[in-house]
Amino acid sequence: QQQVKQSPQSLIVQKGGIPIINCAYENTAFDYFPWYQQFPGKGPALLIAIRPDVSEKKEGRFTISFNKSAKQFSLHIMDSQPGDSATYFCAARKSNYGQNFVFGPGTRLSVLP
Amino acid sequence: ETGVTQTPRHLVMGMTNKKSLKCEQHLGHNAMYWYKQSAKKPLELMFVYSLEERVENNSVPSRFSPECPNSSHLFLHLHTLQPEDSALYLCASSQARREADTEAFFGQGTRLTVV
Chain A
1 QQQVKQSPQS LIVQKGGIPI INCAYENTAF DYFPWYQQFP GKGPALLIAI
51 RPDVSEKKEG RFTISFNKSA KQFSLHIMDS QPGDSATYFC AARKSNYGQN
101 FVFGPGTRLS VLP
Chain B
114 ETGVTQTPRH LVMGMTNKKS LKCEQHLGHN AMYWYKQSAK KPLELMFVYS
164 LEERVENNSV PSRFSPECPN SSHLFLHLHT LQPEDSALYL CASSQARREA
214 DTEAFFGQGT RLTVV
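So the sequence lines, in the order shown, correspond to chains A and B.
This note's numbering applies: residue 1 is where the first sequence begins, and numbers increase by one.
This note's numbering applies: residue 114 is where the second sequence begins, and numbers increase by one.
Take the hints with a grain of salt, since some may be wrong.
[What the hints assert, rightly or not] Below, computed lysine to any residue pairings styled on SDA-like, alpha-carbon distance capped at 25 Å:
1) A/57 x A/83
2) A/57 x A/9
3) B/149 x A/54
4) A/5 x B/185
5) B/135 x A/9
6) A/58 x B/200
7) B/153 x A/54
8) B/154 x A/54
9) A/42 x B/118
10) B/153 x A/60
11) A/94 x B/151
12) B/153 x A/57
13) B/132 x B/185
14) A/71 x B/118
15) A/42 x B/129
16) B/154 x A/41
17) A/42 x B/186
18) B/149 x A/39
19) B/154 x A/29
20) A/68 x A/54
21) A/94 x B/172
22) A/94 x B/126
23) B/154 x A/45
[To be verified] Cβ-Cβ distance ranges computed for the label pairs, FRET-style:
24) B/193 x A/113: 45 to 55 Å
25) A/59 x B/129: 44 to 54 Å
26) B/139 x A/56: 32 to 42 Å
27) B/172 x A/55: 33 to 43 Å
28) B/192 x A/56: 25 to 35 Å
29) A/78 x B/226: 34 to 44 Å
30) A/57 x B/166: 23 to 33 Å
31) B/125 x A/55: 25 to 35 Å
32) A/28 x B/133: 37 to 47 Å
33) B/192 x A/55: 46 to 56 Å
34) B/125 x A/78: 35 to 45 Å
35) A/70 x B/180: 37 to 47 Å
36) B/130 x A/45: 40 to 50 Å
Since the hints were derived computationally from the structure, they do not count as laboratory data.
Built from N, CA and C at the ideal position, the CB exists for glycine as well.
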């Protein structure tokens, strides 16, 4: 119940394509869902996050879609660029003093020029 | 830079060695974390220090020992490690508040190789 499932494991798209990464969770106590982007040799960095009271959040080319009833959320990258090539992690957290960040296993995205 | 600094960036140690990883955060946060990142596995939360209270993952072996002398510094003491402990060790910090979005800021990690 503590797991966050993420798919696909890897993804290759052409420049300008719209990669979509999906995550699913079981624990209904989770109430904060961030996405992290990690480049090789770097730590993960927060990309965008959503709470379950909204169904969609957009920041620049990055959009999170959230389906509370299905306990699923996804990341869409519009007009993807080679610089977006990285590993993306979804995560979930319960509202108890910022602890218990549970991460998905990650998706390695490659955007071809 | 995220405001979370880890040293060293790379570490090679023998199984009989004792070493320590250091993390320092300059963000004024009150919670700090150690994560282990192994190939093809989810980030694994090892230890949390939040509001000066320690929470640990019970599956972490005792050869890993954390220390948090104050809210800005976090150490991970290592002794008699095994080759399977080779991984990227990430430190993170956040501001622990009950009703706020407490994102985690990560350091760049220490790449540990146990030989």
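Structure-based check of all given hints:
no. : hint                      : verdict
1   : A/57 x A/83               : 22 Å, holds
2   : A/57 x A/9                : 23 Å, holds
3   : B/149 x A/54              : 32 Å, violated
4   : A/5 x B/185               : 32 Å, violated
5   : B/135 x A/9               : 31 Å, violated
6   : A/58 x B/200              : 34 Å, violated
7   : B/153 x A/54              : 31 Å, violated
8   : B/154 x A/54              : 30 Å, violated
9   : A/42 x B/118              : 11 Å, holds
10  : B/153 x A/60              : 29 Å, violated
11  : A/94 x B/151              : 24 Å, holds
12  : B/153 x A/57              : 28 Å, violated
13  : B/132 x B/185             : 20 Å, holds
14  : A/71 x B/118              : 35 Å, violated
15  : A/42 x B/129              : 28 Å, violated
16  : B/154 x A/41              : 17 Å, holds
17  : A/42 x B/186              : 20 Å, holds
18  : B/149 x A/39              : 16 Å, holds
19  : B/154 x A/29              : 23 Å, holds
20  : A/68 x A/54               : 9 Å, holds
21  : A/94 x B/172              : 20 Å, holds
22  : A/94 x B/126              : 36 Å, violated
23  : B/154 x A/45              : 18 Å, holds
24  : B/193 x A/113: 45 to 55 Å : 47 Å, holds
25  : A/59 x B/129: 44 to 54 Å  : 49 Å, holds
26  : B/139 x A/56: 32 to 42 Å  : 34 Å, holds
27  : B/172 x A/55: 33 to 43 Å  : 36 Å, holds
28  : B/192 x A/56: 25 to 35 Å  : 48 Å, violated
29  : A/78 x B/226: 34 to 44 Å  : 39 Å, holds
30  : A/57 x B/166: 23 to 33 Å  : 32 Å, holds
31  : B/125 x A/55: 25 to 35 Å  : 48 Å, violated
32  : A/28 x B/133: 37 to 47 Å  : 39 Å, holds
33  : B/192 x A/55: 46 to 56 Å  : 49 Å, holds
34  : B/125 x A/78: 35 to 45 Å  : 42 Å, holds
35  : A/70 x B/180: 37 to 47 Å  : 42 Å, holds
36  : B/130 x A/45: 40 to 50 Å  : 31 Å, violated
In terms of the numbered hints stated before, the structure departs from hints 3, 4, 5, 6, 7, 8, 10, 12, 14, 15, 22, 28, 31, 36, listed from lowest to highest.
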